[in-house]
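What follows is each chain in one-letter form.
Protein chains: 2
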Amino acid sequence: MADQPVADETAIPVVIPRRLDPEDAQLALQELQAILKRQEVVDALAQRQHEDEDEDGSNLLEGMLQRQHEDEIRQIVNALHPADIAFILESLPVQQRQAVWQLVSQEHDADVLLEVEDWVRESLIESMDHEDLIAATGAMDADEIADLAPDLPPDVIAEVQKGLTDAERAQLIAAMGYPEDTVGAIMDFDMVRVREDVTLEVVLRYLRRLHELPDHTDQIFVVDRADQLRGTLSLSRLLLSEPDTLVSAVMEPDVLSLNPMDPDIDAANAFERYDLVSAPVVDEQGRLIGRVTIDEVVDVLQEDSHEQELSRAGLQEEDIFAPVLAALRNRAPWLLVNLCTASIASFVASRFEDTVSHIVILAFLMSIVAGIGGNSGNQTMTMIIRAMATGRVTGANITQLVKRELQVTFLVGACGSLVAATFAWMISGSYAVAGVMMAAMVGNMLIGAALGVLIPLLRDRFGKDPAVGSSVLLTFATDSLGFFLFLGLATLFLL
Amino acid sequence: MADQPVADETAIPVVIPRRLDPEDAQLALQELQAILKRQEVVDALAQRQHEDEDEDGSNLLEGMLQRQHEDEIRQIVNALHPADIAFILESLPVQQRQAVWQLVSQEHDADVLLEVEDWVRESLIESMDHEDLIAATGAMDADEIADLAPDLPPDVIAEVQKGLTDAERAQLIAAMGYPEDTVGAIMDFDMVRVREDVTLEVVLRYLRRLHELPDHTDQIFVVDRADQLRGTLSLSRLLLSEPDTLVSAVMEPDVLSLNPMDPDIDAANAFERYDLVSAPVVDEQGRLIGRVTIDEVVDVLQEDSHEQELSRAGLQEEDIFAPVLAALRNRAPWLLVNLCTASIASFVASRFEDTVSHIVILAFLMSIVAGIGGNSGNQTMTMIIRAMATGRVTGANITQLVKRELQVTFLVGACGSLVAATFAWMISGSYAVAGVMMAAMVGNMLIGAALGVLIPLLRDRFGKDPAVGSSVLLTFATDSLGFFLFLGLATLFLL
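Chains A and B supply the protein sequences, listed in that same order.
FYI, in numbering that gives the first Met the number 0 the residues of the first sequence are 0 to 494.
FYI, in numbering that gives the first Met the number 0 the residues of the second sequence are 0 to 494.
It is worth saying that the hints were derived from the structure and are not from the lab.
The structure displayed is predicted, hence computed values, not measured ones.
The beta carbon of each residue, even a glycine, is placed where N, CA and C say it ideally should be.
Heads up, a few of these hints could be off.
What the hints assert, rightly or not - So these bits of chain B aren't anywhere near chain A, every CB distance computed over 10 Å:
#1 G176
#2 E211
#3 F492
Stated by the list, open to error - Computed cross-link-like contacts, BS3-like style, restricted to lysine-lysine with a CA-CA straight-line distance of at most 30 Å:
#4 B:K402 - A:K36
#5 A:K402 - B:K36
#6 A:K463 - A:K402
#7 B:K463 - B:K402
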């Protein structure tokens with residue numbers, strides 16, 4: 000960079016360039032938090048002063064400080080990319096979030112609203128007045144308005160609709176009609192169509208008149224008069240071929256086309272497998288009605304994996320600063336279910352009170368048998384759910400998979416139960432207890448493996464997502480049956 | 000489609016078009032499995048015949064059938080996209096996989112090898128001879144060879160190196176040197192560079208001479224004489240601007256540039272946040288050395304989420320048809336760790352043998368207290384790990400988060416423990432037992448919440464991935480402390 004001219008230091012105030020770097024956003028967040036903390040101190044002092052003096056005279060300094068803080072925040076926030084502003088808003092508690100949101104310049108409003116997660120958007124829209132909302136949504140495309148629609152007040156939607164062309168209004172209504180988690184809900188209507196019987200030169204002239212291509216345009220779509228999709232023309236083909244070539248000569252006729260009612264995750268997996276950047280969406284009659292782009296697909300994949308991560312702990316996406324009561328609603332149901340299953344399992348065990356009262360040491364060993372069965376079954380279940388998600392489990396290989404899982408589990412169980420039996424012998428001093436421990440452990444691990452295959456298969460057969468709830472059911476079974484097996488064997492052989 | 004000409008039915012044999020559709024691949028897999036099953040029957044019959052008759056005469060029919068089956072397989076498999084072929088190979092047991100792989104036409108070899116998962120690639124390379132491997136890798140780029148290098152025999156790598164230019168050889172050596180999980184390991188060297196002081200017309204002429212652009216080229220890179228990155232020029236800007244414009248006038252100077260030693264997941268998150276399709280990679284001196292594309296990023300994101308999913312059950316990616324012993328190595332360690340922690344927890348509990356022998360019903364309640372603490376702590380931990388992964392946890396809000404988690408947990412615990420106390424009263428008939436149950440449960444849930452925050456924070460502070468191993472540690476603590484708390488309180492108040 001040595002040969003660059005030295006910047007003139009008397010020039011206009013420094014404009015912070017909008018850098019694309021998540022680390023910058025992280026630093027900006029920390030600066031903002033420091034400023035907000037200083038403002039809190041000012042507020043607290045002012046509060047105390049009011050109480051002490053009961054007068055309004057010293058508001059001057061307070062107001063000055065507040066304006067200074069606001070200026071600082073405005074400068075930091077508005078220099079960021081809208082996606083970074085969204086990140087910052089997501090990372091602040093509701094009150095601070097709304098305070099910062101007021102300072103975000105209006106030009107970013109639309110982009111930020113589209114970027115933030117659902118649970119934050121609500122609190123942002125709440126703090127905006129009618130005019131702000133109209134201004135922000137007025138610049139959006141139909142599919143973007145549709146994304147926001149559930150959170151917008153009805154009068155705003157009504158007024159925004161008035162500003163749309165008939166075609167856009169039809170698109171908005173269509174987009175609002177597609178269920179969540181379908182291709183229709185993530186597609187946009189922003190695409191370039193051309194005919195196959197024109198030359199590339201004509202296409203190029205047409206594109207230049209557009210002034211701008213939609214984001215993520217890696218290909219344009221070739222349609223006939225009835226809007227039937229005939230193929231796609233990639234921008235690189237368009238750039239590299241001779242201008243007098245016909246579109247039909249260089250277009251790709253075999254393309255993945257999606258249906259608006261396809262599950263979005265299927266479309267996302269197709270993008271992943273075929274390394275796509277965009278794909279056309281056609282209706283039942285083969286007419287081109289929209290397109291899906293890779294940025295939406297990445298969001299679908301990430302959201303899907305986050306949802307699974309959370310649902311495994313019985314949670315939904317939650318504002319980490321949401322009121323305590325909202326969090327309660329999120330967490331209690333799953334814990335209650337677990338509490339009930341644990342109670343039933345312990346009720347099963349309590350039927351052997353007599354046995355346990357004779358050989359108390361069994362009480363401390365039984366939870367090992369139950370736990371290891373659950374852990375082992377969970378491994379099997381994770382493998383099977385993964386294999387099912389990738390489409391690798393078919394009718395033809397399922398018996399083979401089950402046989403293999405049982406073999407593996409038996410082997411692991413045989414080794415593990417030697418360790419467990421040794422431990423049982425050490426704390427009980429009885430070979431008989433150790434033997435029962437061994438048998439019950441291998442038995443419960445086999446139960447876990449069998450259920451680890453069966454539960455996801457059955458849930459899938461009946462059309463439910465195989466991941467959700469499966470682990471609760473599995474743990475319930477391995478706990479109850481583990482207790483039953485261990486204490487039952489003990490009752491038979493040790494009393 | 001009514002106005003299309005009807006296909007001439009006397010024409011050349013039907014060529015199955017290469018459709019991009021994961022469902023087609025799924026169907027192809029099922030067809031293949033059926034054919035392979037038929038072949039197995041033929042093999043078994045032939046085997047029995049050999050044993051019975053001990054002669055070689057009837058090999059004719061057998062050979063004919065086998066050739067027919069091979070033709071069928073060849074036709075199905077080679078009509079698929081290489082990514083679908085990879086999917087099919089991943090879905091077959093080793094022997095069948097290698098048999099089908101022999102029938103994949105050589106032109107797909109390179110693409111399929113690059114597409115398949117690591118645990119399958121090994122078994123494919125094993126079944127290829129030296130010439131096949133040279134042919135397949137000869138057509139690859141330096142970064143692709145580097146991806147395969149760990150699985151290739153050294154003599155193949157040596158021979159392939161001979162076919163490379165000096166520049167390519169330097170790239171190959173560089174690419175092989177970057178650690179896994181860094182940007183360097185996913186970048187490619189396939190990109191177009193231009194100078195900023197030329198017109199777009201010059202750029203267009205230069206591109207036409209290339210005949211083909213690298214995959215996922217949404218932008219070309221602008222560099223100076225010293226190869227320093229000055230900015231990027233998007234294909235759509237190039238297409239839409241007047242040909243006599245200078246590159247410097249329409250290029251984007253503020254771009255995200257990556258460093259080859261950055262963690263790949265950081266780069267992936269930046270792609271996700273800023274909706275990128277490609278990004279330049281520069282070295283410490285600001286020189287452009289490669290680029291990362293969205294297809295690699297999607298793979299990184301997916302692999303990361305799959306790894307996390309598996310690691311939560313103590314697993315690594317495993318060939319679902321791997322030999323039983325390989326599976327044993329994958330699964331045993333984690334189960335053994337769990338077995339040990341469970342044994343220690345039950346050893347802790349066994350110190351209260353005297354208490355339990357007096358009030359046997361405690362034996363059946365203690366596992367409820369331990370379990371619910373683990374479940375609740377797991378919810379907290381999942382929330383915190385998620386918030387940490389998105390960068391939302393900073394020094395400024397950590398106290399607030401901890402306070403909130405403890406509040407939520409206390410509330411959930413208070414409600415839940417009422418249910419648990421009722422159950423305890425029902426099976427014990429004692430208010431005292433119910434009271435101890437309540438206190439122990441709330442206490443253990445608070446322990447779980449505190450550890451659910453602390454464990455990921457500490458692991459992160461010491462530079463370890465916060466997800467792995469955290470749940471084992473948490474369960475160990477809530478089990479041991481749950482037993483201790485419950486039986487300890489019972490000893491104090493009930494004896």
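Going down the list of hints, with the structure as the test:
Interface exclusion of G176 of chain B from chain A stands, the closest Cβ pair being 25 Å apart, more than 10 Å. Distance check on E211 of chain B: its Cβ comes as close as 7 Å (rounded) to a Cβ of chain A, failing to clear the 10 Å threshold; non-interface status is violated. No Cβ of chain A approaches the Cβ of F492 of chain B within 10 Å, the least distance being about 19 Å, so the stated non-interface status holds. Straight-line distance between C-alpha atoms of K402 of chain B and K36 of chain A comes to about 18 Å, which keeps the hinted pair within the 30 Å bound.
Among the hinted pairs, K402 of chain A with K36 of chain B is consistent with the structure: their alpha-carbon atoms are about 18 Å apart, no more than 30 Å. Proximity of K463 of chain A to K402 of chain A is assessed by CA-CA distance (about 25 Å); at most 30 Å being required, the pair is judged to hold. For the hint pairing K463 of chain B with K402 of chain B, the CA-to-CA distance comes to about 25 Å; that is within 30 Å, so the pair holds.
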